[in-house]
Amino acid sequence: MPWTFFGLELASRALQSMQLAMNTTSHNLANVNTPGYSRQRVHLTATDPVALQGVRTLFMGSGVRVEGIQRLRDQFLDERMAATSSDYQRYTTLYQRLTQVEDVFSEPTEAGLSRRIVAFFNAFQELSANPENVGIRAGVLQQSDAMTRTFRELATRLDEMLLEMEQRIRTTVSEVNFLARSIADLNTRIRYQKAVGTESGDLLDQRTLLVEKLSEYVGVRATEMADGTLRVSLGEFVLVESDQARDLPSDTIDYVGKALVNITGARASIASGSMRALMDAMQYIRNYRDRLDRLAAELVEQVNAIHRAGYGLDGTTDNRLLEGTNALNIRVSADINDINRIAAGATSSPGDGNNALALSRLRMRMFASLDNKTIPDFYSAIVAELGQHTRSASIGRENSKILMQNLQAERESVSGVNVDEEMSNLLRYQRSYQAAAQLVSIMDATIVDLLAALAGRR
Amino acid sequence: MRVSTSQMHYSLQQAIERNYERYHEAQQAVITGKRIRRPSDDPFGASLGITLHRLLQETEQYQRNLTTARNFLFITDVALEELNDLLRQTKALAIQAATDTQNVEGRQAIAYRIRQMLEQIVNIGNNTTYGDRFIFSGLKTLTPPFRVVGEELVYEGDYGNLNVELSPAVVMTINVQGDPLVTGIYRAMARVVQYIETNNIEQLSREGLQELQNQLDNLLRTRAIVGSKIQQVEMIQQRLEKRNIDFTELLSTIEDVDAAEAITQLRMREIAYQFTLATAARLQNLSLLDFLA
Numbered sequence: 000m001p002w003t004f005f006g007l008e009l010a011s012r013a014l015q016s017m018q019l020a021m022n023t024t025s026h027n028l029a030n031v032n033t034p035g036y037s038r039q040r041v042h043l044t045a046t047d048p049v050a051l052q053g054v055r056t057l058f059m060g061s062g063v064r065v066e067g068i069q070r071l072r073d074q075f076l077d078e079r080m081a082a083t084s085s086d087y088q089r090y091t092t093l094y095q096r097l098t099q100v101e102d103v104f105s106e107p108t109e110a111g112l113s114r115r116i117v118a119f120f121n122a123f124q125e126l127s128a129n130p131e132n133v134g135i136r137a138g139v140l141q142q143s144d145a146m147t148r149t150f151r152e153l154a155t156r157l158d159e160m161l162l163e164m165e166q167r168i169r170t171t172v173s174e175v176n177f178l179a180r181s182i183a184d185l186n187t188r189i190r191y192q193k194a195v196g197t198e199s200g201d202l203l204d205q206r207t208l209l210v211e212k213l214s215e216y217v218g219v220r221a222t223e224m225a226d227g228t229l230r231v232s233l234g235e236f237v238l239v240e241s242d243q244a245r246d247l248p249s250d251t252i253d254y255v256g257k258a259l260v261n262i263t264g265a266r267a268s269i270a271s272g273s274m275r276a277l278m279d280a281m282q283y284i285r286n287y288r289d290r291l292d293r294l295a296a297e298l299v300e301q302v303n304a305i306h307r308a309g310y311g312l313d314g315t316t317d318n319r320l321l322e323g324t325n326a327l328n329i330r331v332s333a334d335i336n337d338i339n340r341i342a343a344g345a346t347s348s349p350g351d352g353n354n355a356l357a358l359s360r361l362r363m364r365m366f367a368s369l370d371n372k373t374i375p376d377f378y379s380a381i382v383a384e385l386g387q388h389t390r391s392a393s394i395g396r397e398n399s400k401i402l403m404q405n406l407q408a409e410r411e412s413v414s415g416v417n418v419d420e421e422m423s424n425l426l427r428y429q430r431s432y433q434a435a436a437q438l439v440s441i442m443d444a445t446i447v448d449l450l451a452a453l454a455g456r457r
Numbered sequence: 000m001r002v003s004t005s006q007m008h009y010s011l012q013q014a015i016e017r018n019y020e021r022y023h024e025a026q027q028a029v030i031t032g033k034r035i036r037r038p039s040d041d042p043f044g045a046s047l048g049i050t051l052h053r054l055l056q057e058t059e060q061y062q063r064n065l066t067t068a069r070n071f072l073f074i075t076d077v078a079l080e081e082l083n084d085l086l087r088q089t090k091a092l093a094i095q096a097a098t099d100t101q102n103v104e105g106r107q108a109i110a111y112r113i114r115q116m117l118e119q120i121v122n123i124g125n126n127t128t129y130g131d132r133f134i135f136s137g138l139k140t141l142t143p144p145f146r147v148v149g150e151e152l153v154y155e156g157d158y159g160n161l162n163v164e165l166s167p168a169v170v171m172t173i174n175v176q177g178d179p180l181v182t183g184i185y186r187a188m189a190r191v192v193q194y195i196e197t198n199n200i201e202q203l204s205r206e207g208l209q210e211l212q213n214q215l216d217n218l219l220r221t222r223a224i225v226g227s228k229i230q231q232v233e234m235i236q237q238r239l240e241k242r243n244i245d246f247t248e249l250l251s252t253i254e255d256v257d258a259a260e261a262i263t264q265l266r267m268r269e270i271a272y273q274f275t276l277a278t279a280a281r282l283q284n285l286s287l288l289d290f291l292a
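Protein chains in written order, with numbering that gives the first Met the number 0: chain A, 0 to 457; chain B, 0 to 292.
Calculated from the structure, these hints are not laboratory results. Just so it is clear, the structure is predicted and the values come from calculations on it, not from any experiment. Every residue, glycine too, gets a C-beta built ideally from N, C-alpha and C. You may find that some hints are simply not true.
[As the list claims (entries may be wrong)] Capping the alpha-carbon separation at 30 Å, the derived lysine-lysine pairs in DSSO-like fashion look like this:
id, chain 1, residue 1, chain 2, residue 2
1, B, 90, A, 372
2, B, 33, B, 241
3, A, 212, A, 193
4, B, 90, B, 241
5, A, 212, A, 372
6, A, 400, B, 33
7, B, 228, B, 241
8, B, 241, A, 372
[What the hints assert, rightly or not] Derived Cβ-Cβ restraints for the label pairs, each shown as a range:
id, chain 1, residue 1, chain 2, residue 2, range
9, A, 434, B, 278, 33 to 43 Å
10, A, 152, B, 20, 26 to 36 Å
11, B, 277, A, 201, 36 to 46 Å
12, B, 29, A, 314, 55 to 65 Å
13, A, 333, B, 13, 58 to 68 Å
Produce the complete structure using the sequences and hints provided.
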């Protein structure tokens, strides 16, 4: 026979277990909106049976106990999610940035440089047919000014964007370093918990969330070690190892190599994430910017070569129309302090528009320095390439977004909290708790009866 | 598949977001009427669009150039026709003067009339202008081309060509220099007057008339050139107008949205968005909590 208080003890274990189950359910309900939270399940198990020695040995059930609290999580999904959100962030950021660049170029609208270039050459054609006309000369000056100003505005705004992005990369680096330190802290706590055998799902959730955030900035590789700590690396560069975090240096950024170079020389390759997007965008913008510079320089050189050979209405020659060496400093030359100095003529005859004609026909000439393209085509090639870059970023964003949504659904299916489900669990555990409480009172009654019987015999 | 509460919200949010974005896109298409609003909407179409815009912008300029060329050539043609008339009259008078029956008084009267016509030649030469420009001065368009010194007509202009670009392939010279055309006519007529005044009938009939005929032939050739240039300008003008229409149409098919299609699309997306919102509202209201006593 089991001992007298066996039933009470069984009931009290049931009460405790159900209480724990209800608390865990409450925990789930409380965290229904917590990002990165994984639902937890109380793992109930029957306690070891008691052996009753008699004619035959009987095994009698002894109730329930909580084996553990399980965190429902699929680590494989987490890894894929981190990689995908890294890609998503990369393409989204790149798309946003390149869209801004598109806004700066303002093609295809009246405000774009392409219209200004054509208007510039058209003005010279108009001048070639009416070289003595003061109004048309003023028009030429105005179009030259408008074109060079558009060049300068484009270059200035692209430079501003580059500067802003460089700043953003620096803040991202400090953000990454902060996250790395937080992960190292969590590593310390998780390693301790694991050592004493009380692993907590909530800390793991927090760490997973931090790795995910980190992935949004830079694509990282995270490996869980035997002691429960997470090793996080960027290519060769180990960001977090055990309880140590290593800072990414923010002062030695090498954009061209698409990598951050650390002081000791180990390269941290930024494979993905918003930081990679910033680096890519900067590279693209620098490329557009360089080509604008080449275009501006070629334009100044070619226009001046013809213009200097011609004569103004005031008989002067060897005047430059434009000056400057790049897109940022191209402007109408100080030589043109009077519209009569615009050299329309190949001779000093006032009706000579042949030099203006030669200037306007420059637009059809191809130049080796412009990849054997004409001036208008060289420019529209930049715009077409910008469109391609933006488009592929947009496609990358759409694709990774769909993938991310699917993964999110899969992961939520495993780890997410469903309120209705938790409510029904809560009811289930509540009923069990009520039953166990009833059990206590029945057991209590039997013991009271027993005690009363014993008292009666005495 | 098991669906968590936040997943349900998330999916609904995604659906609302996506459908709203698509609704907004359709709205933009209808409002702007443009299919390509930025290069990334269609990189190939956008770069083609830039080229077409450039060609259209250039065509506009060509049209202005063509108008200039045509007007300039017309004015030249009118002046040449007047010169032609004067030259013909001179020839008729010279033939009259060369006849043996003509007496001295009659010849003097003829000489007087030809001298008047010489003045008219100078008038035509110095007063035919395009705007403020003297058309016979070569490129010294601000200087009157002719000055009479004694019996000679001195050319004050130069021999420069006024060139105008009419299409990428055609650059046309639109001016006729006053020398030797007008000066030649003047010289021949002045010579004829001298022969008549000095009663040198032999030289008048032998050389004078021949010179006048030479000038007439020369003028005819020049007029033929000017006329063919006017024809060429008109042909290019027609071609350019057609090109303009073609380019505008092509540009429209590349850049513009089909209005009917865009509006239908907007309506469809609006309905899709309404459905999404209605579904969201219903799903958000369902909970076990509502059924627990």
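To see whether the hints hold, each was checked on the structure:
no.: 1; hint: B:90 x A:372; verdict: violated, 59 Å
no.: 2; hint: B:33 x B:241; verdict: holds, 24 Å
no.: 3; hint: A:212 x A:193; verdict: holds, 24 Å
no.: 4; hint: B:90 x B:241; verdict: violated, 46 Å
no.: 5; hint: A:212 x A:372; verdict: violated, 46 Å
no.: 6; hint: A:400 x B:33; verdict: holds, 27 Å
no.: 7; hint: B:228 x B:241; verdict: holds, 20 Å
no.: 8; hint: B:241 x A:372; verdict: holds, 28 Å
no.: 9; hint: A:434 x B:278: 33 to 43 Å; verdict: holds, 41 Å
no.: 10; hint: A:152 x B:20: 26 to 36 Å; verdict: holds, 31 Å
no.: 11; hint: B:277 x A:201: 36 to 46 Å; verdict: holds, 38 Å
no.: 12; hint: B:29 x A:314: 55 to 65 Å; verdict: holds, 58 Å
no.: 13; hint: A:333 x B:13: 58 to 68 Å; verdict: holds, 59 Å
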